[in-house]
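Asker: Those sequence lines, one after another, are chains F and B. With the working numbering applied, the first sequence corresponds to residues 1 to 417, in that order. With the working numbering applied, the second sequence corresponds to residues 1 to 311, in that order.
Some hints here could point you the wrong way.
[To be verified] Heads up, incomplete: computed chain B residues facing chain F, CB under 8 Å, no partners named:
#1 S59
#2 D61
#3 L63
#4 E67
#5 F126
#6 T147
#7 G156
#8 G159
#9 I160
#10 P161
#11 G258
Since the hints were derived computationally from the structure, they do not count as laboratory data. Here the structure is a predicted model, which means the values were calculated and not measured. No residue lacks a Cβ here, since even glycine has one placed at the ideal position from N, Cα and C.
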Amino acid sequence: MLKMTAAALAIAAANTGSTFAADLSGDFKIFLDTSNPAPRATMEKMIGDFQALHPDLKIETTVIDREAYKTQIRNFLTANAPDVATWYAANRMRPYVEAGLFEDVSDLWAEPAIADNLASTKGAMTIDGKQWGVPYTYYQWGVYYRKDIFDELGLSEPTNWEEEKANCQKIIDSGRKCYTIGSKFLWTAGGWFDYMNMRTNGFDFHMDLLTGRASWESDEVRKTFANWRELIDMGAFIDNHASYSWQEALPFMVKGDATAYLMGNFAVAPLRDAGLTDDQLDFYQFVEINPDVELAEDAPTDTFHIPSNATNKEAAREFLRYVTSADVQTWINDGKNLGQLPVNAQSSVDKDKFLEQGFEMLSTNSPGGVAQFFDRDAPAEMAKVAMEGLQEFMVKPDNLDKILNRLERARGRIYKN
Amino acid sequence: MADAGAPAVSRHNKPVKNSWWHKNQQSMTPWLFLAPGILFFLFYVIFPIYQSFSLSFYSWDGLGEAEYVGAYNYEELYWDDAFYTSLRNNLIWLVMYLFAIPAGLFIALFLNQTVTGIRLYKSLFFFPFVISQVVVGLVFTWFYDPTFGLLNYILGSVGIPPINVLGDENFVTYGIIVAGLWPQTAYCMILYLTGLNAVDPEQIEAGRLDGAKGLRMLWHIIIPQLRPATFIAFVVTIIGALRSFDLISVMTNGGPYGESRVLSFYMFEVALSEYGFRMGYGASIAVVLFLIMLVFIAYFLWSMYQEEKAR
């Protein structure tokens, strides 16, 4: 009797959560790459709630270190596939889509609950006219800076390139560096290039370049590097950044040796943990460089996918409906959990200074478009060669011709099909 | 029914003495003992080598269909700057790493004394070999840190400007090798310490009577007797230099801009790392590395064979 009421309750609860609730049962395996403590706890709690809705489901969650996940996914998608796995949108999912390892979930995207509310990210999930997963979070990129140092020097948030450089000069004159960066793992340099290139040549050219349709030796690209070089020649970046990871570059900003950091919103949590208060820390959109191009932003999207070899696809689909539903999106992304932006249009953004600013920026002030990120928009092989070149450029800007020549040769090889 | 079995047994038992097994027992037994080893060697060493060779003629991302491309991967290697960087660094590793042998010998001679607490000193010198290469890498990374590291603190105190060892393409490989030499020297030291135990005291006595002392004694009496230890130290050091990987991965991840790569790391990068998955290309690098190792392996086997023959 007791059992029956529990089951009835669960079904009732499931019905409120989703109109497609069915009696789900069997084993259900989830693989996650959210290995940092806070995201991990969030995900585990969310899965716990899903479990409560479907008590007959035997859920088994495996959390894999984020870096290790990137190599392991190839193995577990082929053999011993879970029912749901995390991954990234856009070009990053292409190898698995093309190898037939991700399930086509276009049917989910046809359901009104997803079609209407997630429309903004549909493009990033689409390859060959079909959708291959659902997004659960995204986050803005931009310049995080020390407001207290800006105040001390009498600076205000810049809006164009001249102001940016003028600010930077004052910061340098005060004995600090303008930007911290750790380029040991290369991708941080990719973020700088994304912004320099999108601001100099616009979103469309940037995409053409990353998808192999534009030349690395073109005048446009040279202009981008010339702009970037102005900062490098000023000494705007911290010394020795090639020796540091992005986390190892944080102390420079915390100690006030460097004033700003071009980063994703995930940098806020460690900066706060290191003792910076919201009075000291603020955010501004990367400034306009070429007034003729529309502002475009980087906003990487993290996603859930169903492997083709999954065994419990019915439960997997239900899980994807669950994680994309407005309420779940709201609470997993709030400041105490992932601290990022919800994808569902019906969700609300947490009352967090940075999330609000980021959401505002992405929804009203990025008319040019939203890019994923350098290494998600470009094919992996090109991203690797290119980001190495970007790191080299940041240390030895005089090598530019050699670097561009190398990238152009790589382009000829990588995009030939 | 039960009787019918009995004669069958005796009939079966009788010819056993003249069976093939009985006649060849002597020559077969060693092979039987070797069989598991040989099987594993074939399956886990020879077969993968064959596979690497064949894979190096394909273009394959590890997921879809492999496409036969002939010698294209090798042709690309020929044009690949990163490959030459790796090859050059491998040579630097080979040469520099050999320094572990004399250093190990020196420390072993120094520690080969009977002084109170010598076991503690020996342990301290052996310690780096016990800890993981990853830890060694981390410790040296902190030591080299251009902003907060101890190295630049020391250099600064004698008026030398700071050096960014791991961020400068001219220093980075040497910096990593120095880190690698720390445990490798300890290993060679242990080999020599055991070798020194086997040095014949009578020969030393005889040498002493003939007036040999110090360096002459070392050169003419001790070192010749340490030949087996030197040989092993040479083998492990060469192999260790050629398969250097973990320190590079931990300390620089191949950077700055790929200047600290060696062949094994480059192979991992193109075949298995985050942006890689060019299995065929990785296999062709592995083949080149294998051929280089083969030169040394052939030499080692040859000299071991010579030694065996001399006995």
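Asker: Check the structure against each numbered hint from earlier and tell me which ones fail, lowest number first.
Answerer: Per hint list: 1, 4, 5, 7, 8, 9, 10 violated.
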